[in-house]
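Residue numbers (numbering that gives the first Met the number 0), protein chains in the order written: chain A, 0 to 330; chain B, 0 to 280.
For the record, the hints were derived by calculation from the structure and aren't laboratory data. For every residue, glycine included, the Cβ atom is placed at its ideal position computed from N, Cα and C. Careful, some of the hints might be misleading.
[Claimed, not checked] Okay, derived cross-link-like pairs now, EDC-like style, lysine to aspartate or glutamate, Cα gap no bigger than 20 angstroms in a straight line: (1) B:Lys37 with A:Glu91; (2) A:Lys135 with B:Glu41; (3) A:Lys224 with A:Asp274.
[To be verified] Now the in silico label distances, taken between C-beta atoms and shown as ranges: (4) A:Phe15 with B:Trp22: 30 to 40 angstroms; (5) A:Arg71 with B:Ile132: 42 to 52 angstroms; (6) B:Asp280 with A:Arg71: 14 to 24 angstroms; (7) B:Lys37 with A:His211: 21 to 31 angstroms; (8) B:Met210 with A:Arg14: 48 to 58 angstroms; (9) A:Ser109 with B:Val156: 44 to 54 angstroms; (10) A:Phe15 with B:Ile148: 55 to 65 angstroms; (11) A:Gly16 with B:Ile132: 22 to 32 angstroms; (12) B:Trp22 with A:Asp225: 55 to 65 angstroms; (13) B:Glu184 with A:Phe15: 22 to 32 angstroms.
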Amino acid sequence: MPTTPAIEAINLVKRFGDKVAVDDVSFVVPQGSVLGLLGPNGAGKTTIVRMMTTLSIPTSGTARVAGHDVIREPDAVRRSMGLTGQAATVDELLTGQENLRMIGRLYGLSSRDMKRIADELLQRFSLTDAADKVVKDYSGGMRRRLDLAVSLVAVPPVLFLDEPTTGLDPRSRLELWDVLRQLVRDGTTLLLTTQYLEEADRLADEIVVIDHGKVIAAGTALQLKDSSGQAALVVTVSHADDLPSAAELLRSHVSDVHVDESARQLTAPATGLSDMTRIASVFEGSTIEIDDLGLKRPSLDDVFLALTGHRAEADDTAAGTATDDSTEVSA
Amino acid sequence: MTTTAIPDFTISARPQIHPTSLWTQSLVLVRRNLTHIKRQPEMLMDVTIQPVMFVLLFAFVFGGSIQTANGNYREWLLPGIMGQTMTFASFVVAIGLNNDLQKGIIDRFRSLPISPSAVLVGRSLAGLLHSSIGVVVMALTGLIVGWRIRNGVGDAVLAFALLLLFGFAMIWLGIWVGSAMRSVEAVNGVMFTTMFPITFLANTFAPTESMGSWLRTIAEWNPISALVQSLRELWGNVPGPAPGASWPLRHAVPVSIGWSILLAAIFAPLAMRAYRRRTTD
Numbered sequence: 000m001p002t003t004p005a006i007e008a009i010n011l012v013k014r015f016g017d018k019v020a021v022d023d024v025s026f027v028v029p030q031g032s033v034l035g036l037l038g039p040n041g042a043g044k045t046t047i048v049r050m051m052t053t054l055s056i057p058t059s060g061t062a063r064v065a066g067h068d069v070i071r072e073p074d075a076v077r078r079s080m081g082l083t084g085q086a087a088t089v090d091e092l093l094t095g096q097e098n099l100r101m102i103g104r105l106y107g108l109s110s111r112d113m114k115r116i117a118d119e120l121l122q123r124f125s126l127t128d129a130a131d132k133v134v135k136d137y138s139g140g141m142r143r144r145l146d147l148a149v150s151l152v153a154v155p156p157v158l159f160l161d162e163p164t165t166g167l168d169p170r171s172r173l174e175l176w177d178v179l180r181q182l183v184r185d186g187t188t189l190l191l192t193t194q195y196l197e198e199a200d201r202l203a204d205e206i207v208v209i210d211h212g213k214v215i216a217a218g219t220a221l222q223l224k225d226s227s228g229q230a231a232l233v234v235t236v237s238h239a240d241d242l243p244s245a246a247e248l249l250r251s252h253v254s255d256v257h258v259d260e261s262a263r264q265l266t267a268p269a270t271g272l273s274d275m276t277r278i279a280s281v282f283e284g285s286t287i288e289i290d291d292l293g294l295k296r297p298s299l300d301d302v303f304l305a306l307t308g309h310r311a312e313a314d315d316t317a318a319g320t321a322t323d324d325s326t327e328v329s330a
Numbered sequence: 000m001t002t003t004a005i006p007d008f009t010i011s012a013r014p015q016i017h018p019t020s021l022w023t024q025s026l027v028l029v030r031r032n033l034t035h036i037k038r039q040p041e042m043l044m045d046v047t048i049q050p051v052m053f054v055l056l057f058a059f060v061f062g063g064s065i066q067t068a069n070g071n072y073r074e075w076l077l078p079g080i081m082g083q084t085m086t087f088a089s090f091v092v093a094i095g096l097n098n099d100l101q102k103g104i105i106d107r108f109r110s111l112p113i114s115p116s117a118v119l120v121g122r123s124l125a126g127l128l129h130s131s132i133g134v135v136v137m138a139l140t141g142l143i144v145g146w147r148i149r150n151g152v153g154d155a156v157l158a159f160a161l162l163l164l165f166g167f168a169m170i171w172l173g174i175w176v177g178s179a180m181r182s183v184e185a186v187n188g189v190m191f192t193t194m195f196p197i198t199f200l201a202n203t204f205a206p207t208e209s210m211g212s213w214l215r216t217i218a219e220w221n222p223i224s225a226l227v228q229s230l231r232e233l234w235g236n237v238p239g240p241a242p243g244a245s246w247p248l249r250h251a252v253p254v255s256i257g258w259s260i261l262l263a264a265i266f267a268p269l270a271m272r273a274y275r276r277r278t279t280d
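Same shape as in the complex, but just chain A:
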């Protein structure tokens, strides 16, 4: 029996006035897998998530979550999924415990289930000590974790996460990744949006790259890396003095040699392993000592640049230097 995909986007279109925010987006997420929607700010990722979680009505096309149509059966969709939006969606004046219970009551969970799940989630997200603290006093990382915990109250089979680690410090980010991996291991299907290539690379089984509301590429991280941007041959020489002669030697065999003096590295486009063995024998026969010779695959960042002509991340600091976690309560 073929299993129903956990999530399907079917020609989703969303227009706001004249502006097309989402332009004919389709993809399928098999049960138990992770899809990363990768794209820069304003690419339309959030709008896609809002349509898939019944918060926004598609202009045309539709989506299915756990086999339920978001337009025709919104309530069934809401019963099958959890959502952690970009903005904090927990109540600041309630405690962590009260937030979980309020949502549990709205789902109509029995009080036994609710207590059990609230305790499990609090423990899981290292919030047991902060359970009776008012959320206003939580750190950014704790708030994010509580937000995620609240999305899991009904233990939904499908979870949508809109930029789950934005604004988190690196440690909180790693912790969250860990949690997400375990959820997937337990059978949850994840759709997460991110502007961080690293995040998509680390977590997602499949990546859909979105730019200006359109799908511009899709595949595994490996496929994306292979399909665009060439691999590069990287030679690191042992002595900086050898760099000019090494460059000359390399240029006689391959074109487009780039010299990085500070790293004592020479880089040139390569087509495959044969290039590497050829160059290895060239250096073998010379007097130049080398530290390292390798083939470097393009990063997702390179892929994104090749696909869109611009970088995915607005600036280098975006990838997790925010530190709003200083008041972290530790167990």
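Take the given structure of chain A and dock chain B to it, following the hints.
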């Protein structure tokens, strides 16, 4: 700062989701709003300290120079301040709803399998409760400064029911303003510049008899005046309508009911439309 090792996570069993009724959902949300009050008791200042201050200010500062038909200004004043307190239920609801709309928690509620109206019903009931606390505080303050209920229990209860009915209409106004405005500051600005003068341009604090003829007509046709006149009559704080009173004040109780229904009928569709616009895209 210690790094806590993350224990392996398995939710022992998926819980059963039971469909809940609109009533249950609304009560959960009322409870949420009551917890807010518990955490920030200063939220109640608008229905406690503020009206008590008004009672004291008007009763003791202006009271001496205001002549009322019953000859006891403090007793006459109390129903006026209760009417004002209930009118401000719109304020309470507008601020609360606007706050929620900006924080994204409405998105959380909308992503749950609950009725879309639950948020509004919950907010409204909480607003009504909030203002009712104010009415109780007012009644107690009133009893201290000399206000009395002089008629039967039936009339007294009817008066409180009229207050709640008017509050119900004001809640729709609150939902409308709260959904339409982009910030709490905007809600504050709009409500202060409209509702405040409206509650004064009535028989709340001073008898309309002493106003100029056209001003008196406007004040007596103010829905708040019919409400306040009803309260005064039902509690026996005035002998009856003042001589020369306009038609609404001569039939205060039915007119007050009519005004509440009419205002609800006007504001409810506006409120629903504004809320829907704000929450759907």
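Of all the hints given earlier, name the ones this structure violates by number, lowest first. Failing hints, ascending: 7, 9 and 11.
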